[in-house]
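Colleague: If you read the sequences in order, they're chains A and B. UniProt numbering puts the first sequence at residues 1 to 324. UniProt numbering puts the second sequence at residues 1 to 324.
Hints were generated in silico from the structure; no laboratory data involved. Every residue, glycine too, gets a C-beta built ideally from N, C-alpha and C. Take these hints with a grain of salt, some might be off.
Label-pair distances were calculated between CB atoms; the ranges are [to be verified]: (1) Thr159(A) with His41(B): 41 to 51 Å; (2) Phe260(A) with Ser267(B): 43 to 53 Å; (3) His41(A) with Gln161(B): 18 to 28 Å; (4) Ala271(B) with Asn107(A): 51 to 61 Å.
Residues from chain B that keep clear of chain A, each with C-beta distances beyond 12 Å, as calculated [claimed, not checked]: (5) Ile246; (6) Asp290; (7) Arg322.
There are 2 protein chains.
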Amino acid sequence: MEKIKLMSLYTDFRKDMSYIEKELERSVQSSSPIVRQASLHLLKAGGKRIRPIFVIMAAQFGTYSLENAAKIAVSLELIHMASLVHDDVIDDSDMRRGLETVKAKWNNRVAMYAGDFIFSRALTSIGNIEKAPVHQILAETMLEICKGEIIQIDFQQQTDQDLRDYLKRIKRKTALLLSSSCELGALSADADSQTVRKLKRYGYFTGMAFQIVDDILDITSTDAELGKPAGSDLLNGHITLPVLYIKDDEQFKPYMKRAFTGVMEESDRQAMLRYIRQSGAIEKAQHVSDLYLIKALKELESLPNGKSKKALTQIADFIGQRKY
Amino acid sequence: MEKIKLMSLYTDFRKDMSYIEKELERSVQSSSPIVRQASLHLLKAGGKRIRPIFVIMAAQFGTYSLENAAKIAVSLELIHMASLVHDDVIDDSDMRRGLETVKAKWNNRVAMYAGDFIFSRALTSIGNIEKAPVHQILAETMLEICKGEIIQIDFQQQTDQDLRDYLKRIKRKTALLLSSSCELGALSADADSQTVRKLKRYGYFTGMAFQIVDDILDITSTDAELGKPAGSDLLNGHITLPVLYIKDDEQFKPYMKRAFTGVMEESDRQAMLRYIRQSGAIEKAQHVSDLYLIKALKELESLPNGKSKKALTQIADFIGQRKY
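Based on the sequences and whatever the hints tell you, model everything.
Modeller: Structure, rendered in structure tokens:
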């Protein structure tokens with residue numbers, strides 16, 4: 001299969017996406033210099049803008065209004081950004097996407113309030129949308145994301161967890177927000193309820209796959225590709241899907257124990273990563289991701305053909321083979 | 001003047017307030033044991049529930065519905081609670097209202113996510129209110145509160161600030177949320193726009209007075225009365241109104257310098273507090289608070305008489321003479 005570049009999928013929606021990018025920048029303007037700088041730093045660090053693109057594409061299945069869709073897209077991307085800043089404080093992470101994190105470049109308190117600030121901006125962005133379900137869905141989504149972050153604490157370094165625990169966790173961490181992106185995009189354009197439901201499920205399934213692949217890449221990629229040390233999840237005590245398949249392996253246990261201390265000799269970390277890579281755990285995790293992607297594509301089948309359906313299909317394919 | 005007990009003001013609204021109390025408890029239920037415990041701990045720590053009572057009373061000036069008013073009251077009280085948890089992380093505070101803070105009893109990460117969680121619950125509570133202005137006002141209020149917290153960082157330990165800087169800060173820290181409590185309470189009951197405006201201004205003025213008195217009490221009260229060390233504001237680098245009046249006093253400067261290190265000998269702290277108390281700064285600050293309360297009472301004048309107007313008047317009086 002030809003390698004897909006995510007950005008090429010955005011071609012048809014380039015104008016809309018650049019409008020959203022400007023709105024994102026506008027939305028984090030602040031009279032406090034520190035916050036403005038911290039927020040812009042975050043924004044420039046980029047990311048794939050998958051939430052906005054999902055909103056835009058889902059909205060194509062109804063009566064599309066860029067202005068309405070953009071409000072929702074900005075809101076969802078900001079919620080995502082806010083949760084990243086807070087995660088970095090919790091995980092004590094210094095690097096993300098190859099750039100210093102806010103908490104490293106400034107400090108924890110700036111990161112905390114920058115997160116709160118961006119969170120609030122997310123609400124302002126949809127403040128004047130006159131649809132109660134939109135507010136309700138967003139509030140529920142934020143609530144579940146928070147619950148997820150908290151449950152992540154409960155589960156840290158806990159080795160007696162199973163596939164169900166993991167799937168519940170990544171649902172809250174990633175899939176829900178992608179699912180809501182599709183749902184709210186479609187809702188904002190008054191798409192019919194069947195279509196809304198299908199897009200919501202598409203978002204959920206691709207979200208699950210996306211996070212599994214993310215967790216795989218944390219083990220299979222180089223530090224340079226990740227922009228942070230490979231194996232960070234384990235060093236932070238997070239047990240992801242590949243590790244779930246190998247955590248009871250007697251030879252692996254001592255690695256895990258050392259990883260949980262949060263610091264590891266460079267050679268030890270590399271040996272641990274090699275051990276996981278050759279264990280077959282990666283392939284098992286990849287398989288689960290593939291199953292989700294099949295489900296995602298199935299949801300699209302009965303939707304009307306067009307640029308948007310094509311792009312959503314390609315995104316699912318992209319997730320299946322992404323290397324970054 | 002007879003000493004007013006705040007709780008006695010609530011007599012006429014006791015049933016409504018206990019309904020809100022139950023809703024508050026219900027709203028912080030969570031499947032995560034840590035979060036449930038942390039949130040309940042916060043809730044039990046209490047506070048004066050001034051935001052809910054303002055909502056209830058303001059709603060009396062329209063077509064009162066306890067159910068609607070309660071949603072807004074819960075939302076505003078939760079936003080207040082969430083900002084307290086995050087403040088405690090920032091200020092590294094171990095005690096609040098005589099109880100251990102969440103960050104002390106658990107840790108910073110629990111406090112951070114408990115704050116985020118409560119924040120999200122606040123949104124869920126008003127999620128199904130079908131009035132766009134309510135969402136807009138709440139979003140704006142949260143935004144301004146965040147900005148305030150951030151500006152507080154910019155101003156920490158900065159001695160070249162004036163009355164205007166201080167007033168702007170306490171507006172965001174306290175007055176806005178009280179102002180929005182009155183505004184949203186009245187709006188939720190479809191009060192006429194003149195009434196909404198007057199109540200909003202009443203909430204703003206009492207809020208300004210409330211925070212000034214709070215800042216005075218941080219200096220004039222005992223540790224036992226405060227449930228935390230007196231002078232904490234200065235130890236955390238926050239320059240409040242009384243200190244603003246004395247900060248350029250040559251004999252006071254060395255105290256302030258030592259306070260800004262965050263640790264002070266017990267006898268030194270007591271001497272500093274005595275020095276401020278006898279300087280006349282407290283009386284000057286009290287005078288500013290009194291001016292705000294006069295403005296607050298003026299807003300009430302033209303509103304229809306009744307239990308609610310009487311109680312709002314008494315609250316303003318209470319703030320003027322409160323000792324805790």
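Colleague: All hints are to be evaluated individually against the structure, with a verdict given for each.
Modeller: Quick rundown of the hints versus the structure:
Taking the beta carbon of each, Thr159(A) and His41(B) are about 29 Å apart, not inside 41 to 51 Å as hinted. Taking 43 to 53 Å as the suggested C-beta distance range, the pair Phe260(A) and Ser267(B) conforms, at roughly 46 Å. Distance hint check: the CB atoms of His41(A) and Gln161(B) are about 27 Å apart, consistent with the given range 18 to 28 Å. Between Ala271(B) and Asn107(A) the C-beta distance comes to about 32 Å, which lies outside the given range of 51 to 61 Å.
Once the 12 Å rule is applied to beta carbons, Ile246(B) is consistent with being away from chain A; the minimum gap is 27 Å. Against chain A, the non-interface label of Asp290(B) holds: every CB pair exceeds 12 Å, the least being about 30 Å. Distance to chain A confirms Arg322(B) as a non-interface residue, since its nearest Cβ pair spans about 29 Å, more than 12 Å.
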